[in-house]
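I would like the entire structure built from these sequences, with the hints used as guidance.
Residue numbers (my numbering), protein chains in the order written: chain H, 163 to 250; chain D, 57 to 142; chain P, 441 to 574.
If you are wondering where the hints come from, they were derived from the structure by calculation, not from laboratory data.
Every residue, glycine too, gets a C-beta built ideally from N, C-alpha and C.
Warning: the hint list may mix true and false statements.
[To be verified] Among the chain P residues that face chain D by a calculated CB cut under 7 angstroms, a handful are:
| hint | residue |
| --- | --- |
| 1 | Ala-555 |
| 2 | Glu-558 |
| 3 | Phe-559 |
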Amino acid sequence: MIVNAFLLGVIALSSLVAGVFFLKFWRQTHDSLFLSFGIAFLIEAANRIVTLQDARMNEGNPWHYLVRLIAFIIILAAILRKNYEASR
Amino acid sequence: MAAAVYILGAVTSLLCGVLLLRGYFGARKKLLLWSAICFIGLALSNFLVFVDLVVLPNVDLYFWRLLTAVLAMLALLWGLIWEGEA
Amino acid sequence: MPEPNTPSGEVDQFILEQIDSVPHLEALLLIWRTRPKSWSINEMAKSLYVPAELAENILRDLAQRNLIEEVTKSPREYHYLSSRDQDRLIALVDTTYRRELIRISRMIHARAPSALREFARAFRFTREKDKEKE
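Listed below in structure tokens is the structure:
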């Protein structure tokens, strides 16, 4: 149990840090792709942290997977947007 | 519904991983390699959630889901820290 | 075509996206101006006053972006890869660079590290230039 909580914490913190890195990249490049990745990872970090309260049987929780869905959609939208702009 | 989301997540992550791998073989920037490893690992992690919920509901894969995600994120952090510039 | 389509806007965008460094740009323009001459790695190294290894990387990068193409395997030689749209663009780049060398060099040096640009570029589904479109 403790190991799982620990791993969850590691994922949460790494997602947070990754999110911040991507925000930094967005500031450097002005490419909104990095902003989208940053937001997606920050959302996932928050999602994991909230999960800690539920500990187990959390991934079936609608709130948990709906938030994750939002993160994926943000990334997919960013990729599609990049390709749409490239071919305009 | 939950299963569909995790499959979508696995597919999205896999797509990112494949695009980044392709980019790595083209441009040889290590950031892309580490990022690709991360997204493929996250795809695996999401897929394991699907397996855990749907395919093998009587087997607990929670630890493995978390472990794959941890390794994936650590790979990404490694890449971001060491290869995040030039 | 990207808009706004001022000539310098199009040139800047091309340079920001496809050109990794000032030597890359110089190499490309050298190959463009002398087309259809084939350049070897050593010839390019001499002309640019850079080590052969750097010249090799530059030529490989330009070929990977379909700006030039490899003609012979050994010794490796490259020449300009022509297409109507690209010719027009490179001609524009050439005149713009001659006119605004300092601004363009500064622009190249000021932008984000290439790992990030390659990361962003990786998410383009079609990585080759669309020669047929429009």
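Hints, verified against the model:
{"no.": "1", "hint": "Ala-555", "verdict": "4 angstroms, holds"}
{"no.": "2", "hint": "Glu-558", "verdict": "4 angstroms, holds"}
{"no.": "3", "hint": "Phe-559", "verdict": "6 angstroms, holds"}
Of the hints listed earlier, there is not a single one the structure fails to meet.
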